[in-house]
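Heads up: the protein sequence lines correspond to chains Y and E, in order. Heads up, the first sequence is in my numbering, so the first residue is 2 and it goes up one at a time. Heads up, the second sequence is in my numbering, so the first residue is 2 and it goes up one at a time.
These are calculated hints, taken from the structure and not from any lab test. Source: prediction; values computed, not measured. All clues given are correct.
Pairs of lysine-lysine, DSBU-like flavour, derived with a Cα cap of 35 angstroms:
1. LYS157(E) - LYS154(Y)
2. LYS154(Y) - LYS154(E)
3. LYS157(E) - LYS157(Y)
4. LYS154(E) - LYS157(Y)
Pair ranges (Cβ atoms, derived):
5. ALA26(E) - PRO45(Y): 19 to 29 angstroms
6. PRO84(Y) - GLY99(E): 47 to 57 angstroms
7. PRO116(Y) - GLY152(E): 23 to 33 angstroms
8. GLY152(E) - ARG75(Y): 35 to 45 angstroms
9. PRO74(Y) - GLU98(E): 35 to 45 angstroms
Sample of chain E residues lacking proximity to chain Y, with all beta carbon distances greater than 12 angstroms (derived):
10. GLY19
11. ALA26
12. ALA28
13. ALA29
14. ARG31
15. PRO35
16. GLU36
17. GLU40
18. PRO84
19. GLY99
20. ALA104
C-beta atoms are modelled at their ideal positions from N, C-alpha and C, and glycine is treated no differently.
2 protein chains.
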Amino acid sequence: MHHTTVPPLAQMLRNLDGWLEQGIAFAATREMDPELLLEARLYPDMFPLRRQVQGACDSAKLLCARLADVEAPRHEDGPQTLPELRARLAEVVAFIEGIEVAAFEDAAAREITLPFMQGMATTGHCYATEFGLPNFYFHATTAYAILRHVGVKLGKRTYIGHMTLHPARST
Amino acid sequence: MHHTTVPPLAQMLRNLDGWLEQGIAFAATREMDPELLLEARLYPDMFPLRRQVQGACDSAKLLCARLADVEAPRHEDGPQTLPELRARLAEVVAFIEGIEVAAFEDAAAREITLPFMQGMATTGHCYATEFGLPNFYFHATTAYAILRHVGVKLGKRTYIGHMTLHPARST
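Throw the hints in and build the complete structure from the sequences for me.
Laid out in structure tokens, this is it:
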């Protein structure tokens, strides 16, 4: 379970930090306060960019903590400003990458119970594939979509980011 | 690799079909042609809903076919209309769910080469976690975001859809 969660989540959180950086550069060209980007949303009753970034951080942190059965760092208040959000992204990357790989050994079969399940439970595997990963990518992609929607020039390569490649044996 | 790809992808493709159905109902209340929804996009140089649905279908189909090393059904032209898109969604679900689980046995270590890798390759595992799944969720979430952006009332539960639950042993 470690390999299907920690490396891709850390990668995408780093990508997300890069999109915010591009948003800050975009705001500078428009002579606008970059913090205003955090208020942007795709529809009045959808969460704004600030909350999407918080959601990406929280979902990555909680997914990995629950799978590895370790305590997640407690964050009482969500980060509000761009510097706070970027610091939180770095903090969550460090947290999930710092969990020992061995702690994920029994993660696939681990029983996971969440408040909204009301006495029901799921396995670590189903929790990750049916809820944790889709939920994380929901927030990351919506953050990307909001930045694109307001005019920040991001590309699909920026979304995918680094890939682990080696010279092809067969071609 | 089967369990981390086929069930969640099939689930999300079914969810996506449900969002389109809700879009059709929404269009009826506005007395507008539902096909117009397929032209909606979040920014002039982003792909519209039609292409996002095609992208979700293609990325799911190709991810599973490459991991299992089986031939994917060929689709020369992208589906254009809502009925065509919904038929394609059902077809891709049937295709990926029809691949034998055993075909995924060596998928994690399988060498995957793609045109854009230019002589380089990746493993099935890295391909799925670093490219295939994020790319799939990119298209699914952007389709969801476009429908929400034009006013279709979807909720996060509709995004996540069905979860596999069992009575909790420990509470």
